[in-house]
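Mind docking chain B on chain A? Use the hints.
Sequences listed follow chains A and B, in order. Each residue of the first sequence is one higher than the last, beginning at 1 in this note's numbering. Each residue of the second sequence is one higher than the last, beginning at 478 in this note's numbering.
Quick caveat, the hints were computed from the structure, so don't treat them as lab data. Please note: incorrect hints may appear among the correct ones.
Unchecked claim - For lysine-lysine, the following DSS-like pairs were computed, each having C-alpha atoms within a straight-line distance of at most 27 Å:
(1) K853(B) to K79(A)
(2) K427(A) to K387(A)
(3) K829(B) to K79(A)
(4) K474(A) to K427(A)
(5) K850(B) to K79(A)
(6) K738(B) to K853(B)
(7) K709(B) to K287(A)
(8) K79(A) to K826(B)
(9) K114(A) to K224(A)
(10) K709(B) to K129(A)
(11) K163(A) to K114(A)
(12) K202(A) to K224(A)
(13) K79(A) to K709(B)
In this text, all values refer to a predicted model and were calculated from it rather than measured experimentally.
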Amino acid sequence: MEWETVIGLEIHTQLATQSKIFSGASTAYGAEPNTQACAVDLGLPGVLPVLNEEAVRLAVIFGMAIEANIEPYSVFARKNYFYPDLPKGYQISQMDHPIVGQGHLDIEVDGETKRIGITRAHLEEDAGKSLHESFHGLTGIDLNRAGTPLLEIVSEPDMRSAKEAVAYMRKLHELVRYLGICDGNMQEGSFRCDANVSVRPKGQQAFGTRAEIKNINSFKFVEKAINHEIERQIELIENGGKVVQETRLYDSVKDETRSMRSKEEANDYRYFPDPDLLPVLIDESFKSQIKASLPELPQAKKHRFKTDYQLDDESATILTTSRPLADYFESTLKTSKSEPKLCANWITGDLSAALNKAGLEITDSPISDERLAGLLTRISDNTISGKIAKQVFDLLWQSIATADEIIAEQGLKQITDTGAIEAIIDKIIADNQGQVEQYRSGKDKVFAFFVGQVMKEMKGKANPAEVNKLLKTKLQA
Amino acid sequence: MHTKSLTELAHGLRSGEFSSVELTQHFLKRIQQHQDLNAYITVTEEIALQNAIAADTQLANGQVAALTGIPIAQKDIFCTLDIKTSCGSKMLDNFIAPYNATVIEKFNQAGAVLLGKLNMDEFAMGSSNETSYYGAVKNPWNVNTVPGGSSGGSGAAVAARLAACATGTDTGGSIRQPAAHCGITGLKPTYGRVSRYGMIAYASSLDQGGPMARSAEDAAILLQTMAGFDPKDSTSVDLIVPDYSAGLNNSLAGLKIGLPKEFFSNDLNSDMAATLETAINEYRKLGAEIKEVSMPNLKLAIPAYYVIAPAECSANLSRFDGVRFGYRCENPVDLTDLYTRSRGEGFGKEVKRRILMGTYALSTGYYDAYYVKAQKIRRLISDDFKNALTEVDVIMGPVTPTPAFGIGEKIADPIKMYLSDIYTIAINLAGLPALSIPAGFINGLPVGLQIIGNYFTEDRLLNIAHQYQQVTDWHQHTPKGFE
Chain A
1 MEWETVIGLE IHTQLATQSK IFSGASTAYG AEPNTQACAV DLGLPGVLPV
51 LNEEAVRLAV IFGMAIEANI EPYSVFARKN YFYPDLPKGY QISQMDHPIV
101 GQGHLDIEVD GETKRIGITR AHLEEDAGKS LHESFHGLTG IDLNRAGTPL
151 LEIVSEPDMR SAKEAVAYMR KLHELVRYLG ICDGNMQEGS FRCDANVSVR
201 PKGQQAFGTR AEIKNINSFK FVEKAINHEI ERQIELIENG GKVVQETRLY
251 DSVKDETRSM RSKEEANDYR YFPDPDLLPV LIDESFKSQI KASLPELPQA
301 KKHRFKTDYQ LDDESATILT TSRPLADYFE STLKTSKSEP KLCANWITGD
351 LSAALNKAGL EITDSPISDE RLAGLLTRIS DNTISGKIAK QVFDLLWQSI
401 ATADEIIAEQ GLKQITDTGA IEAIIDKIIA DNQGQVEQYR SGKDKVFAFF
451 VGQVMKEMKG KANPAEVNKL LKTKLQA
Chain B
478 MHTKSLTELA HGLRSGEFSS VELTQHFLKR IQQHQDLNAY ITVTEEIALQ
528 NAIAADTQLA NGQVAALTGI PIAQKDIFCT LDIKTSCGSK MLDNFIAPYN
578 ATVIEKFNQA GAVLLGKLNM DEFAMGSSNE TSYYGAVKNP WNVNTVPGGS
628 SGGSGAAVAA RLAACATGTD TGGSIRQPAA HCGITGLKPT YGRVSRYGMI
678 AYASSLDQGG PMARSAEDAA ILLQTMAGFD PKDSTSVDLI VPDYSAGLNN
728 SLAGLKIGLP KEFFSNDLNS DMAATLETAI NEYRKLGAEI KEVSMPNLKL
778 AIPAYYVIAP AECSANLSRF DGVRFGYRCE NPVDLTDLYT RSRGEGFGKE
828 VKRRILMGTY ALSTGYYDAY YVKAQKIRRL ISDDFKNALT EVDVIMGPVT
878 PTPAFGIGEK IADPIKMYLS DIYTIAINLA GLPALSIPAG FINGLPVGLQ
928 IIGNYFTEDR LLNIAHQYQQ VTDWHQHTPK GFE
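Next comes chain A alone, as it looks inside the complex (with noise of 0.2 Å):
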């Protein structure tokens, strides 16, 4: 049989705000156990939360990014469940009324576009940490983490395959990045993964029971466990067996899903609105002032390179994947008024491979965008061939100094001195008569041995263009 799976993914992002949601303390990485928990974070007595009305305004601007519903009313409350680093007994979420509402977000697979729909986004406020390590049998808690704003992303079952899932997941990683709404680093856990996958039969309406894979730290994890979950489900099927609906834990090490809890197993959260915070009323200009602020968004940023900056859809798909990247090449090119598509190129060829090898982001480029913009500036001005800057570039890596410099040190200014270019094209068609002869007689080939020749002699500094010319009209002679 022929079998579809269906994946939709829930996306936990921490906001990048400086205190917690809920509470004033710092939401900064890796301190001290608990030195960044506050009686509030800790669930002391008598505590109240107060929401951050910056972590409201993230999540709007992740709102109008996906272009959802920007809910004017919506509503905390509480998620009932006890668990020894979750200090209230119960965590602070939305339910009925969240603040995003449907969207969509459209991914790129195999060069075909498809939307996927969001169904929406809600605020809450992450859990402390328990540490099971180095406590003898016993378990250490560090409710740091507690209370740091989460946004949870929830995606419509719209995914088809592990592939779909990781380009979902990817564009939804960019695109937050890009808002600056969230870090986006996996590895500290400012976007975690939670994946809903099912099978059914090809063709048919119904959707099959799911499981849900919780917490999935990289995008290669995703594919993996959702690619181990459909395998699994469907051999179960075809074994006779049934889905359970049920938590199940992806395993790294070992490349497998196993059960967390089944649907009876689990928690009857018992959701209510908390009575300690209001509803958030978000209103018009609330909304605009943030529209008014919001950056050039991927997409548009993409059409724009393509219709003001005629680059091809590989080279705008590639300059808009981050907005430092981005902002390199606009500002290398209006820094050096060169061709854009010549901008283009260099950063997605010679650059990119430069950083790639090096393990650096555009961010920590050893080649500043101004230093970038002199090399580029030089070559549109004919001062130095292609081959040349390549030269050219290799040496602004490695040193601070400007490509007007290292062009001046190395004497590699091309010449286009015709007297000088003359002298040599006559020294070579001197000293070889037999190619000259063979030329002469129809072998237009050996042209590019005295190309090669006088290019030889002049050290690749010659102006091609200018050899090419007086070559042929001695050759000719």
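Below, chain B alone, put in the same frame as chain A:
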């Protein structure tokens, strides 16, 4: 000294008639003499004397605030820095609060001397003070009867003059009912008027702190200190706090008083009805017009309350899990054992009953039938009050169905106990301000008159109470043995 009003005490301190240390020692001595009442859970003798010494220095320097040097006591529901804050529960018997509630901060700024922390029903759940882990409080008017609850320690302490005044909290009547049973003046402010930060939550949408005092005049001074917007409490309201003492002497001529027919039905005991009738007549004499009003949904208040309050408390009390603070069972074998035994052993019966009721009401499949329905009823009850308050300025009625009942009389029958709040609970559901003032005696036990006003009209309520206290002396009676 203990018979003086707050104004008289402030005057005595400022004029040098007595020092704060003398006054404090006097109250501490009375507290010790009357330990049998069990009004205090913790007496903070050392802190009180330190506060008093500091106050005397300030008085000498002329740096006086509203309550400088005046010894007061706090319900043990307000977190007090470095002082045990038990909330009347074994669960918090070992809890030394690491911070001050906003209300405590305000009293500290006002220069008050802290005598101690007052007994209360466990987690404010009770109407008789019998659910306290620290034992029942006795009513100074008759030590075989209850002082009411949950602010029973506050009621008894103020009535017995074991503090110049006290704080209470009111979720379903917990200030007004003990005030009525103890013959004092107690005001539950509008929800949002007094910060809840640091006040251990029972039912967050209903809880409100307020003053418990000898008179409306004293209550006005206390409320002045307690009220105001607090950025740490999202449900506190950012409204200007009026001068609560300024309008106390305003005339009541033309005041429109509404009497809900549902409050004065045949269910009301005839002695209570007669006492209240006499009190209302005093208002007539003061120039008020009396009008009957109807609030058809009042009868739904108790069932709605006993869904909403337990629902909220079931979540509010989840933090008491034996993990970070409070009671922890001995030698837990695993996490479940830690939870079940810490909570099973740390909470009393009534608290567990309400957690169970609330958990049930919020469960999948029951949520709409209970919680959602109760919220709808809450809205209907609020509307009843709003409608009535368009016709009249205030609503008057009983505070309790009967005067104080006997210790042990109702504790075994929760429904009976719950019904003792039948006249107060609806006001919390509506979020309105209401106070209880002494209005007579039945068989030597005080009877309270309840006055309910529109939102944020505490100043008017205090004025109405004060005018009554100018023409009656019920509030000046002192129980025998406590003169």
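Structure-based check of each hint:
1. Distance check on the hinted pair: K853(B) and K79(A) sit about 22 Å apart at the alpha-carbon level, within 27 Å; holds.
2. Between K427(A) and K387(A) the CA atoms are separated by roughly 24 Å; this keeps the pair inside 27 Å, and the hint holds.
3. Taken as a hint, the K829(B) and K79(A) pair is honoured in the structure, with Cα atoms around 20 Å apart against an allowance of 27 Å.
4. Distance restraint check for K474(A) and K427(A): the Cα-Cα separation of roughly 11 Å lies within the 27 Å cut-off, and the hinted pair is therefore satisfied.
5. A distance of roughly 20 Å separates the Cα atoms of K850(B) and K79(A); the hinted pair therefore holds under the 27 Å criterion.
6. For the given pair, K738(B) sits about 23 Å from K853(B) by alpha-carbon distance, which is consistent with the 27 Å threshold.
7. For a cut-off of 27 Å, the pair hint linking K709(B) to K287(A) stands: about 26 Å separates their Cα positions.
8. Under the criterion of a C-alpha separation no larger than 27 Å, the hint pairing K79(A) with K826(B) is consistent with the structure, at around 25 Å.
9. Using a Cα cut-off of 27 Å, the hinted pair K114(A) and K224(A) holds, with the two alpha carbons roughly 22 Å apart.
10. Our distance criterion of 27 Å between C-alpha atoms is met by K709(B) and K129(A), whose separation comes to about 26 Å.
11. For a cut-off of 27 Å, the pair hint linking K163(A) to K114(A) stands: about 12 Å separates their Cα positions.
12. Simply put, K202(A) and K224(A) have alpha-carbon atoms about 22 Å apart, close enough for the 27 Å limit, and the pair holds.
13. Restraint check: the Cα-Cα separation between K79(A) and K709(B) comes to about 22 Å, which is no more than 27 Å; the hinted pair holds.
Of the hints listed earlier, there is not a single one the structure fails to meet.
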